[in-house]
Amino acid sequence: MSLALRLARQQPAYRDPRARAKDFDEIDSGFTFEQARVEAERCVQCSKPACAIEGCPLGNAIPRWIDHVVQGRLRQAAWVLATTAPMPELCGKLCPHERLCESRCVLGQASKPVAIGALEAFVGRVAEERGWFAPAPSRMPSGLPVRFAGAADRTDQSDPTDRSDRRGHPERIRGASGHVAIIGSGPAGLAAADRLLALGHAVTMFERAPVAGGVPSYGIPSFKYAKSRVERLVERVRRKGAAIFCGIEVGRDVTVRELRKDFDAVLLAIGAPRGRLLDLPGCGLEGIYSATGFLVNGNVPAECIDEADRREIRRGRRCVVIGGGDTSADCVRTAVRLGFEEVRCLYRRSLEEITGRLADRGYAQEEGVVYQFLTSPTRFEGSGRVERVVCERMALGEPDGSGRARPVPIPGSEYVLEADAVVLSLGYDVDRKLLESARCQLGPDGLVVDDNLMTSRRGVFAAGDVVRGADLIVHAARDGRDAAMAIDRFLREG
Amino acid sequence: MSDHADPLPKDTSWRVPLPVTPPQARQEVEVLGLTFRSPVIPAAGPNVRDGAALARVAENGAGGLLAKTVSVRAAPVPRPNMAQFGRAGMLNTELWTELSLDQWLDREYDVGLAAARAAGIPFIASVGYTADELELVAPKVAAKGVDALEFSIHYVGTSFDAVVDTARALRSVVDLPIIAKLSPHFGDLGELAAVLEPHVDAFTCINSFGPTLAIDIERAEPVLGSRYGYGWLSGEPLRPLAVRSVFEVARRVKKPVIGVGGVSRGEDVIEFLMAGASLVGICTQAIYEGPQVYERVAVEAAHWLDRHGRQSFADVQGAYVRRFGQGQRVLTEKEEAPRLDSALCIGCTRCGVVCQYDAMHAEPWKTPTLVEERCFQCGLCVSACPAGALSFSPRAGRTVAEAA
Ligand SMILES: Cc1cc2nc3c(=O)[nH]c(=O)nc-3n(C[C@H](O)[C@H](O)[C@H](O)COP(=O)(O)OP(=O)(O)OC[C@H]3O[C@@H](n4cnc5c(N)ncnc54)[C@H](O)[C@@H]3O)c2cc1C
Ligand SMILES: Cc1cc2nc3c(=O)[nH]c(=O)nc-3n(C[C@H](O)[C@H](O)[C@H](O)COP(=O)(O)O)c2cc1C
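Those sequence lines, one after another, are chains A and B. Start counting the first sequence at 1; every next residue gets the next number (our numbering). Start counting the second sequence at 495; every next residue gets the next number (our numbering).
Rather than coming from a laboratory, the hints here were simulated on the basis of the structure. All figures in this text were calculated on a predicted structure; none of them were measured in a lab. Glycine included, each C-beta is placed from N, C-alpha and C at the ideal position.
Calculated cross-link-like contacts (lysine to aspartate or glutamate; reagent style EDC-like; alpha-carbon spacing at most 20 angstroms):
#: 1; chain 1: B; residue 1: Lys-860; chain 2: A; residue 2: Glu-26
#: 2; chain 1: A; residue 1: Lys-227; chain 2: A; residue 2: Glu-26
#: 3; chain 1: A; residue 1: Lys-240; chain 2: A; residue 2: Glu-129
#: 4; chain 1: B; residue 1: Lys-749; chain 2: B; residue 2: Asp-809
#: 5; chain 1: B; residue 1: Lys-749; chain 2: B; residue 2: Glu-524
#: 6; chain 1: A; residue 1: Lys-48; chain 2: B; residue 2: Glu-789
#: 7; chain 1: B; residue 1: Lys-860; chain 2: A; residue 2: Asp-28
#: 8; chain 1: A; residue 1: Lys-112; chain 2: A; residue 2: Asp-360
#: 9; chain 1: A; residue 1: Lys-227; chain 2: A; residue 2: Asp-360
#: 10; chain 1: B; residue 1: Lys-638; chain 2: B; residue 2: Glu-627
#: 11; chain 1: A; residue 1: Lys-48; chain 2: B; residue 2: Glu-553
#: 12; chain 1: B; residue 1: Lys-860; chain 2: A; residue 2: Glu-34
#: 13; chain 1: B; residue 1: Lys-749; chain 2: B; residue 2: Glu-691
#: 14; chain 1: A; residue 1: Lys-227; chain 2: A; residue 2: Asp-309
#: 15; chain 1: B; residue 1: Lys-638; chain 2: B; residue 2: Asp-596
#: 16; chain 1: B; residue 1: Lys-860; chain 2: A; residue 2: Glu-129
#: 17; chain 1: A; residue 1: Lys-227; chain 2: A; residue 2: Asp-25
#: 18; chain 1: A; residue 1: Lys-240; chain 2: B; residue 2: Asp-800
#: 19; chain 1: A; residue 1: Lys-227; chain 2: A; residue 2: Glu-129
#: 20; chain 1: A; residue 1: Lys-112; chain 2: A; residue 2: Glu-98
#: 21; chain 1: A; residue 1: Lys-240; chain 2: A; residue 2: Asp-482
Which residues of chain A face chain B? A partial, calculated answer using Cβ under 7 angstroms:
#: 22; residue: Thr-32
#: 23; residue: Gly-72
#: 24; residue: Leu-74
#: 25; residue: Ala-198
Let's have the full structure, built from the sequences with the hints guiding it.
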């Protein structure tokens, strides 16, 4: 039997569920070096690696960098990874690998696939800690147009240089360098900034929230991915030369049209922030939260939350989370950590149709969460604040537009669940109002873009969830990277 | 495997993604009056077994072309004739081309040369073996219009006279740059190169090493089909021997050297160039990875130059020979335990495990502790550290001669 089949798939050490449910720290510390080496040995080094060709949206050269790990050359592994991956630590930890690269690992046919995700997280973590991804900062000052001079005071950016200054700067790396405005500092915006800076352009980012990072900063709970790691990523991009201005909302403080005039190109990377709502009797009661509202206020210190978004989370004994996606797993586990003793997740279809990651659901169940399938709320009751959720049982009917079986209510199956808090985790949409005001063409999911990720407005590009609708970090990162390349071509060739 | 069967189209659609920012350093190199697109070219083997393979190599960005060794007749290649050894090594008994000389002259050289011309890169042919054979083969190959001829000493015996005779014979029948490909089993390659230098224009170092033997213990049979099952070792395990041989030759002769043996990444190119090579050849890794290997390795090497502030490969070529070619030793005036940079340490515990002197104690995720009195300065932990956190301070880059 070959070595690859003899070795068992390595597992990082997980903390005991009872202990970890009491705090917001990460639940595992990732691979040790020896585990990483053993796991890397399991890679059979396919010549045409399906994991990379079909499985990885970024096209990471997976067998190449894994081979470096086998040889104990972590720095080289990190460099190979960095040629395609803008944020390997984040993707290594948060991608649904079992649906992406690992689903294409040929080893899966004979034993378990190589733990590509955990390996990437290991290399990414070591590299970020050592600063291996952070090259010498670009010598190009990136700054604000003069009209924002005041805004700089609200941020930690010390020396915003105005645009006329930069134009004459002698040390530009390439003749064609331009100045690009990126709106939104989530994975898509950060990936684009990273590449644009590497290609020799100046980058200025505008972020509505008080802290940069997008969903990984505000939505994804810190027990899944520590905030310090997001900060480190943002800091890397900042050190590379991006000027990041937080607390500026495009559409309110400045318009896309104005930015298009001030910058050589604009990238919209504002995500899909609108949580879907339920139009049911009683849904206006106090104690009913949107997933984002719940996650942000449950996870993030109040001073890092925009005043308009701050809400007190009502504590109690019972919490009901509605919806079965990835976000709902984050919500139930946050509820556990906020002290709710009885946390339920209601999903209107069955286990077969649920979209959220298996692993996350497993962690939630270990932490005491109860999943209730084929269950849907019909109304919320309470005096002022929510006290009960009235539910009904569902049966599965014919497939609907999404190809999944349509849930149909079973008449007379209503029953009541007590609840001190309810979280609606039903998915996200793009901010149509803002996008309409920007006069870019909109499709069913989000902005319409061409092959170069350019919107219907010349020189205005878009990347990430704002194009795809709520999606994945790795797709946002890929869009950001590709948009940067397209912007580079646009600036050089017009 | 019939000579005339149409080969299956080879799908090379997967390529290791190249870095998005192209390297700034100049990749072209000039050797023997020829301009190579990069210093990375194929070494003779099945990776360049016919015209179609050569064309793929050219299209995939190799710095130049070099074709499989031809001789008066097709090689009686035993089967099996290649076996993987370890992760990136190989044992082979492929001899030379299994195609006839006529087929090469009628078809394969034309296809290969056309691809080289289209890509604007030089084409080197490889011929073997004895003086008589070379006198017959070389003029016909030269007439195809190749840019240089390599001849292999692999099957010529281990006497200086025999090798010099073949070089002389070749010189007398062709008017092209001549490259001698040296085999490590010959012995002292530095001495051989010095003796050969008047008769050739360049050297290729090295061919595969052997003979070697690997046994399939389940069947008590050899893994290869040759007599006794003997084969020749190539790939990663060969590299230190190849680097030593290149250095040995480069410090004795002035003529250019093509370094071959276990090259699989950009850093290997830099190592060979520092040891005195002007070009590097790849065979085994090209078999394992495909024809895209040449460009990948060249780009990695050029990125290394960028990171180290060098403009071209000439900036590193021979750097090691100049400093250590006269037998200088690295300065170790003061015996000292390795220094640990705890900011770099990743807590992998490797140093603690490999230490045979119980001097290093390591726990996962923690910085190890070193008991200096026990340390024998063996150095293994320094080279085994994946993060470069351990180093020797007294070897801070000066040789005994430089210090004096
Ligand atoms: C709770 C939750 C958990 C998730 N978990 C995972 C996971 O485990 N794995 C995974 O792959 N994906 C996960 N996702 C999805 C993933 O986070 C997104 O696909 C990804 O963040 C999209 O990146 P983006 O850059 O397009 O948008 P975002 O990350 O949403 O970033 C957009 C940024 O733009 C800012 N912005 C918005 N409007 C404006 C404006 N008008 N002016 C200025 N700035 C503005 C926002 O404040 C935000 O910072 C999760 C999503 C959520 C909500
Ligand atoms: C399968 C195989 C066939 C080879 N055939 C030849 C040959 O015909 N002529 C020759 O000079 N060298 C031949 N070599 C030797 C290689 O050109 C090269 O010198 C050696 O393998 C070391 O380089 P590598 O480690 O990159 O493979 C062969 C090597 C292998 C593995």
